[in-house]
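Visitor: Chain by chain, the residues:
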Amino acid sequence: AQSVTQLGSHVSVSEGALVLLRCNYSSSVPPYLFWYVQYPNQGLQLLLKYTTGATLVKGINGFEAEFKKSETSFHLTKPSAHMSDAAEYFCAVSGSGSARQLTFGSGTQLTVLP
Amino acid sequence: DVKVTQSSRYLVKRTGEKVFLECVQDMDHENMFWYRQDPGLGLRLIYFSYDVKMKEKGDIPEGYSVSREKKERFSLILESASTNQTSMYLCASSSPAGRGTYEQYFGPGTRLTVT
Chain H
1 AQSVTQLGSH
11 VSVSEGALVL
21 LRCNYSSSVP
31 PYLFWYVQYP
41 NQGLQLLLKY
51 TTGATLVKGI
61 NGFEAEFKKS
71 ETSFHLTKPS
81 AHMSDAAEYF
91 CAVSGSGSAR
101 QLTFGSGTQL
111 TVLP
Chain D
1 DVKVTQSSRY
11 LVKRTGEKVF
21 LECVQDMDHE
31 NMFWYRQDPG
41 LGLRLIYFSY
51 DVKMKEKGDI
61 PEGYSVSREK
71 KERFSLILES
81 ASTNQTSMYL
91 CASSSPAGRG
101 TYEQYFGPGT
111 RLTVT
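Chains H and D are the protein sequences, given in the same order.
Just so you know, we're using my numbering here: the first sequence kicks off at 1 and counts up by one.
Just so you know, we're using my numbering here: the second sequence kicks off at 1 and counts up by one.
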């Protein structure tokens, strides 16, 4: 079975500061890992994904994440926060079921302070 | 551009009503999913389908059923709506195992209120 833990349901950063959103996972199979972003009253949009190969993956809007197998982590970072980054962020891991369905974390609400 | 559409953005229903939520995708994806999203609980999988007329229960199927008569359309049915089914409902689709990297594409969501 898969599970995802996102540390911190709410994170606040100042504009221009580093963004770090934490995600730890457990998986019974080699994981595919994802970060999604959700703006108010919208669906989820894929930010980035790790499948195989390079462990540092770059996504849209300047975000990146590093897959660390030994730590079972896939933390999301951005060097400099922008006001438009304020949103809810979800980490997800793929399972081994018939549709390789995803298991999502409970989400982290990012607030960017002026 | 990939697209998943949901029939309603906002819906208000009364307790005991039968409710249909429709989802359509134009990406020729085999897999389709229904989630509900509640504050602090993230997304929870209700049902999914990996082929036409094929369906499997997710983590919280009680009180729900689904229908998939055509590849592009996946419907969620609340047989008798209850107030604890007030939630945001999200539909998603993905390529099948072995033909993609399993990322899911989401619709805009339906915010259902049951009074």
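Hints in this document: simulated from the structure, not taken from any laboratory.
A couple of the hints might just be wrong.
[Unchecked claim] Restraint-style ranges between C-beta atoms, simulated for each label pair: (1) H:P30 - D:G16: 27 to 35 Å; (2) H:S3 - D:E56: 35 to 43 Å; (3) H:L20 - D:S65: 38 to 46 Å; (4) D:K57 - H:P30: 42 to 50 Å; (5) H:S9 - D:M27: 40 to 48 Å; (6) H:L20 - D:V52: 13 to 21 Å; (7) D:K71 - H:S80: 38 to 46 Å; (8) H:L20 - D:G16: 44 to 52 Å; (9) H:T111 - D:E22: 40 to 48 Å; (10) H:G53 - D:D59: 28 to 36 Å; (11) H:S26 - D:S65: 26 to 34 Å; (12) D:E69 - H:L46: 25 to 33 Å; (13) D:E69 - H:T111: 26 to 34 Å.
We put the beta carbon where it would ideally sit given N, CA and C, even for glycine.
Visitor: If a hint holds in the structure, say so; if it does not, say that too.
Guide: Hints versus structure:
Checked against the hint of 27 to 35 Å, the C-beta distance between P30 (chain H) and G16 (chain D) comes to roughly 46 Å, which is inconsistent with it. About 19 Å separates the C-beta atoms of S3 (chain H) and E56 (chain D), a value inconsistent with the hinted range of 35 to 43 Å. For L20 (chain H) and S65 (chain D), the hinted distance range of 38 to 46 Å is satisfied, since their beta carbons lie about 42 Å from each other. K57 (chain D) and P30 (chain H) have their C-beta atoms about 25 Å apart, which leaves the hinted 42 to 50 Å range violated.
About 32 Å separates the C-beta atoms of S9 (chain H) and M27 (chain D), a value inconsistent with the hinted range of 40 to 48 Å. Taking 13 to 21 Å as the suggested C-beta distance range, the pair L20 (chain H) and V52 (chain D) does not conform, at roughly 43 Å. Checking the proposed 38 to 46 Å range against K71 (chain D) and S80 (chain H) shows it holds: the Cβ atoms sit about 43 Å from each other. In this structure the hint that L20 (chain H) and G16 (chain D) lie 44 to 52 Å apart at CB holds, the actual value being about 47 Å.
Separation of T111 (chain H) from E22 (chain D) is about 34 Å and departs from the stated range, judged on CB atoms against 40 to 48 Å. At about 31 Å, the CB distance of G53 (chain H) to D59 (chain D) agrees with the hint of 28 to 36 Å. In this structure the hint that S26 (chain H) and S65 (chain D) lie 26 to 34 Å apart at CB holds, the actual value being about 31 Å. Our hint of 25 to 33 Å for E69 (chain D) and L46 (chain H) holds, since their Cβ atoms are close to 28 Å apart.
For the pair E69 (chain D) and T111 (chain H), the supplied restraint of 26 to 34 Å is violated, since their beta-carbon distance comes to about 44 Å.
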